[in-house]
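Whole structure, please, built from the sequences with the hints as guidance.
Given next are the chains, with one letter for each unit.
Number of protein chains: 4
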Amino acid sequence: MDYQQLIEEVYREVQAENLKGKVADYIPEIATVDPNQFGIALVDLKGNLYGVGDYLTPFSIQSISKVHTLTMVFHRFNSKLWSRVNVEPSGNPFNSIAQLEYENGIPRNPFINAGALVITDALCSKFENPLEQISAFINEIAGCDCVRINQAVMNSEKNNAARNTALAYFLKSYNNFENSIEEVLDVYFSHCAMEMSCVELAKTFSFLANDGYSIYANREILSESHARRVNALMLTCGFYDEAGEFAYKVGLPGKSGVGGGVAAVMPHKFSIAVWSPELNEKGNSVKSIRALELLTDKLAFSLF
Amino acid sequence: MDYQQLIEEVYREVQAENLKGKVADYIPEIATVDPNQFGIALVDLKGNLYGVGDYLTPFSIQSISKVHTLTMVFHRFNSKLWSRVNVEPSGNPFNSIAQLEYENGIPRNPFINAGALVITDALCSKFENPLEQISAFINEIAGCDCVRINQAVMNSEKNNAARNTALAYFLKSYNNFENSIEEVLDVYFSHCAMEMSCVELAKTFSFLANDGYSIYANREILSESHARRVNALMLTCGFYDEAGEFAYKVGLPGKSGVGGGVAAVMPHKFSIAVWSPELNEKGNSVKSIRALELLTDKLAFSLF
Amino acid sequence: MDYQQLIEEVYREVQAENLKGKVADYIPEIATVDPNQFGIALVDLKGNLYGVGDYLTPFSIQSISKVHTLTMVFHRFNSKLWSRVNVEPSGNPFNSIAQLEYENGIPRNPFINAGALVITDALCSKFENPLEQISAFINEIAGCDCVRINQAVMNSEKNNAARNTALAYFLKSYNNFENSIEEVLDVYFSHCAMEMSCVELAKTFSFLANDGYSIYANREILSESHARRVNALMLTCGFYDEAGEFAYKVGLPGKSGVGGGVAAVMPHKFSIAVWSPELNEKGNSVKSIRALELLTDKLAFSLF
Amino acid sequence: MDYQQLIEEVYREVQAENLKGKVADYIPEIATVDPNQFGIALVDLKGNLYGVGDYLTPFSIQSISKVHTLTMVFHRFNSKLWSRVNVEPSGNPFNSIAQLEYENGIPRNPFINAGALVITDALCSKFENPLEQISAFINEIAGCDCVRINQAVMNSEKNNAARNTALAYFLKSYNNFENSIEEVLDVYFSHCAMEMSCVELAKTFSFLANDGYSIYANREILSESHARRVNALMLTCGFYDEAGEFAYKVGLPGKSGVGGGVAAVMPHKFSIAVWSPELNEKGNSVKSIRALELLTDKLAFSLF
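Protein chains in written order, with this note's numbering: chain A, 4 to 307; chain B, 4 to 307; chain C, 4 to 307; chain D, 4 to 307.
Rather than coming from a laboratory, the hints here were simulated on the basis of the structure.
Incorrect hints may have been included.
Below are the DSSO-like pairs computed for lysine-lysine, each with C-alpha atoms no more than 27 Å apart in a straight line [said to hold, decoys possible]:
(1) 285(D) <-> 49(D)
(2) 301(A) <-> 83(B)
(3) 83(C) <-> 272(D)
Estimated spans, in silico, between C-beta atoms of each pair [claimed, not checked]:
(4) 130(D) <-> 37(A): 44 to 54 Å
(5) 51(B) <-> 8(A): 37 to 47 Å
(6) 178(A) <-> 105(B): 28 to 38 Å
(7) 78(C) <-> 85(D): 37 to 47 Å
(8) 50(C) <-> 130(D): 47 to 57 Å
(9) 105(B) <-> 186(D): 46 to 56 Å
(10) 284(A) <-> 83(D): 44 to 54 Å
(11) 105(C) <-> 29(D): 43 to 53 Å
(12) 105(B) <-> 8(C): 22 to 32 Å
(13) 284(A) <-> 178(B): 49 to 59 Å
(14) 86(D) <-> 37(A): 31 to 41 Å
(15) 37(C) <-> 85(D): 31 to 41 Å
(16) 178(A) <-> 39(B): 49 to 59 Å
(17) 135(A) <-> 85(D): 42 to 52 Å
The beta carbon of each residue, even a glycine, is placed where N, CA and C say it ideally should be.
Right, dumping it as structure tokens:
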């Protein structure tokens, strides 16, 4: 399989379809990004890189960082964290609070906002300088000192924090929050405000295609069994209320962010990152999702 | 890999754990089944059969039959049926009606009761004798004349049909029902009341592990792309409100029934059916799920 | 207080405001009624009648009949019926099924559809010919042989019965239904299809303004304490999801119907019926509600 | 009517029934109150006072203060506040956040917590020293310098504020909050932590029985029409998710608090306050509610 040819073909076909969406507008720093950008980067298990379009341009990874933070505390997942966050698809928008009430303060999964806040809270319990640790971790698995936090985006999110702050206090009212809410939200908004290019992002997902072992960090990041479980979680819960449709059409474990990025893995083959800012009404990138659909069609394989 | 040795090991270990659950009690015919029965059958892509325990004993396949009926109308799925039933996990019990109201009469997926009723309704629109067609189809892909409808179970379900009848009328109130409600429910209860042994059931799922081609029917049942999509649907929606946990722990596409059966596939490797009547509180067989979890652990592979 | 002058004043002012709404369109027989009709009838405790506009024209009383049927089984309310239907405002549309699921098949109150079906079911358990009994009862308290069932409306409702049938089966699935669903729905649609003029309707509510005693039937219909409780129920639950607003603006116990009628009582003073077919988006008559608001303003008294 | 004899009779009968409930335990300062206390005070429109039991002992009025704060901004209600808070019964627990999400940040009514926070927020916008103004207002309508804030209760509530803080941030996320959340919560917890005896509390509700005119303040507190509307709101929404039952059994406008107090009015007759700390599962005082039920039975009149 010639991956470079493949992603170029996919790139051209998606561009030709002239798909339209809407750039996320809740913070000015993301709203003003050029909507026409579109990039794809693929990394195979030997570290060969393939890229097309704007695959070297950094963008805000937003919720995709929830996979990184989950990974950092995953070893705790099989014991203590289990009781604090569930692993079921939510069937609701990512920032819904109603379901959290019906289920007594236990978020449905670690990728909806409430669940990700619990994960970041667990990181704040574990590390003295959680943000430094997160950056160091992501740089390590990306194999470069490339990750940076966009402070303007971070400040902007902080100034629009009412909904997430409500979720945090609500979790606290169910005793499902350990640290200062302000501290945790700072860390949360910071890791969501990280910027990376497609190629860097694809590298950070490489270990998930490789049974947990990162060829960039030269170490086992997760045990094989844990890596599989993170993939399972991404497949069932990685695309908010559109997870079923992504599994149905694309069939790869992946995670999207409102910055327009999507990272995904084909286990035992490659990891891939696609980016284009315009979103559909569920908050997932129109072109990125279409690109992954075409790619699995052309490869004639998916998980299934 | 010696599959026979593998499933025998799994069988012994599960038996040793002495897990307890509760046999479904809503109809007498199922409630009186011997709760200690437990069988496993595995079929590889060449047709080699492996079995252990009560793998030759027929049991009520119940909701597992929803995979068979979905398959029969799946080619319509990409056009007309799409607008009648969704492909998202529900995040709610299998017989919930509340979500159906919030989402204006479009069931979340074809495996919750409301969605399965829409599928059976579509079958009734397509065939003059839908029940005969369903039986013929299942016999064909099982490679034998083995399927039979347990009339006592069927009648019992009909006499406890209030909830499903409410779902059907509710669908009709949203114009999402084409045929006579009584007729469709008759067909629905009949296919849920079908009996098969583990080995027969595993054979009927073989085409889903084989890119859509059945070695028993000697024909393509679904296109490769459609077979993958049915698998994706089973993975995200096959276990009611426990789908995420099954994907997380087991990582195989599968479908459970309240009779205690579970059928699953490892794409490009094998199909498998496990049966034991005692259920957990979500309605899935305690031993069957544990067996599949152990099996994927031992095989050290799953989808991911 | 000159009631005739009062209601004429109210009538003129409402007409001058030129309020617009939308005639109920779910059945042809109601949809084709002349939308400009508007009538008011008031009956004091001595039986003096006051009327203006189309107060002698019969119209479909629809849900207002739920007050009559509730009255007929109210003596059972303090014992057996209590466990089958609640007395709380619903906070949901009148035909919602979601809340019924969350509250395990016990309708929130006897005026939402699910609750009214339980009441009609109780009537069917009590009487051999429930419909005859209902007609006889309403004629008795109206003091005339005036009530008739519009068979075309009744048939039309029966042909659009999916939603209510779903509610009935759903109640049955919680063992909260005693009789044949078809029989109960027949009685239900029949009493909703009754026609009366404003003046006849106002007379049927007279006993509720008179501590339970009907001057037309010359007997106590309800004990004083029970009459008070029916009034309390109308105040908190008589206008679907607009009950709070009606209590807030008008302050009288009353009941509306999708035919555009509203019947209300000023305890110890009078009963009143207003009718105009155009409805607001909550399903209550625009002009009828405005008329009652003006009337209580002018009278400078309400319950409070 | 000899009110003194009446309330003594009621007092004795309730005591004889030996009703049991559970003192609110979410804050230590309220949890340690003597659960056997029970007092009734009634004030007629001429200012005659009647009392029995612990009617002179101060207790924490808690949510009853929401009637006082609502009154202070009620003149704004018919214009700006209308769009910020609704007047419908909620059909949900007092601190539910789910409904607030379904209804886009507009609380159902001013007596559930979310609605009361909007009212306190409006007070903070109106006054420089809102807390002083609230105290001064309540003292004025009580006709004495008697109201005091229990600082220990207030601090305790502040330390258990996660749920209410979540509600406030959630309102803010819908732009339905004007001031600093910390400031508004401070005022909110302070007015909830006010202490009064039954007789003082009954006096503060006197104007609501008197068409808006306070004989203690010697002025019109609310216009007649506004006083009626506050009463209507109390009747439909004053007892959380038990409002219907209170209207049904008692038939008076009133408001309860988790301290065990209930204040109510019989328009044009009297105001009354009852207090006993043990609560039913809906959070309303067992003895207080029973006392008011007996009282209206004996008086043989209610609103209706």
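Hint-by-hint comparison with the structure:
no.	hint	in the structure
1	285(D) <-> 49(D)	violated, 35 Å
2	301(A) <-> 83(B)	holds, 25 Å
3	83(C) <-> 272(D)	violated, 35 Å
4	130(D) <-> 37(A): 44 to 54 Å	holds, 49 Å
5	51(B) <-> 8(A): 37 to 47 Å	holds, 39 Å
6	178(A) <-> 105(B): 28 to 38 Å	holds, 30 Å
7	78(C) <-> 85(D): 37 to 47 Å	holds, 41 Å
8	50(C) <-> 130(D): 47 to 57 Å	holds, 54 Å
9	105(B) <-> 186(D): 46 to 56 Å	violated, 37 Å
10	284(A) <-> 83(D): 44 to 54 Å	violated, 32 Å
11	105(C) <-> 29(D): 43 to 53 Å	violated, 25 Å
12	105(B) <-> 8(C): 22 to 32 Å	violated, 50 Å
13	284(A) <-> 178(B): 49 to 59 Å	violated, 24 Å
14	86(D) <-> 37(A): 31 to 41 Å	holds, 38 Å
15	37(C) <-> 85(D): 31 to 41 Å	holds, 34 Å
16	178(A) <-> 39(B): 49 to 59 Å	violated, 41 Å
17	135(A) <-> 85(D): 42 to 52 Å	holds, 50 Å
In summary, the structure is inconsistent with hints 1, 3, 9, 10, 11, 12, 13 and 16 from the numbered list given earlier, while agreeing with the others.
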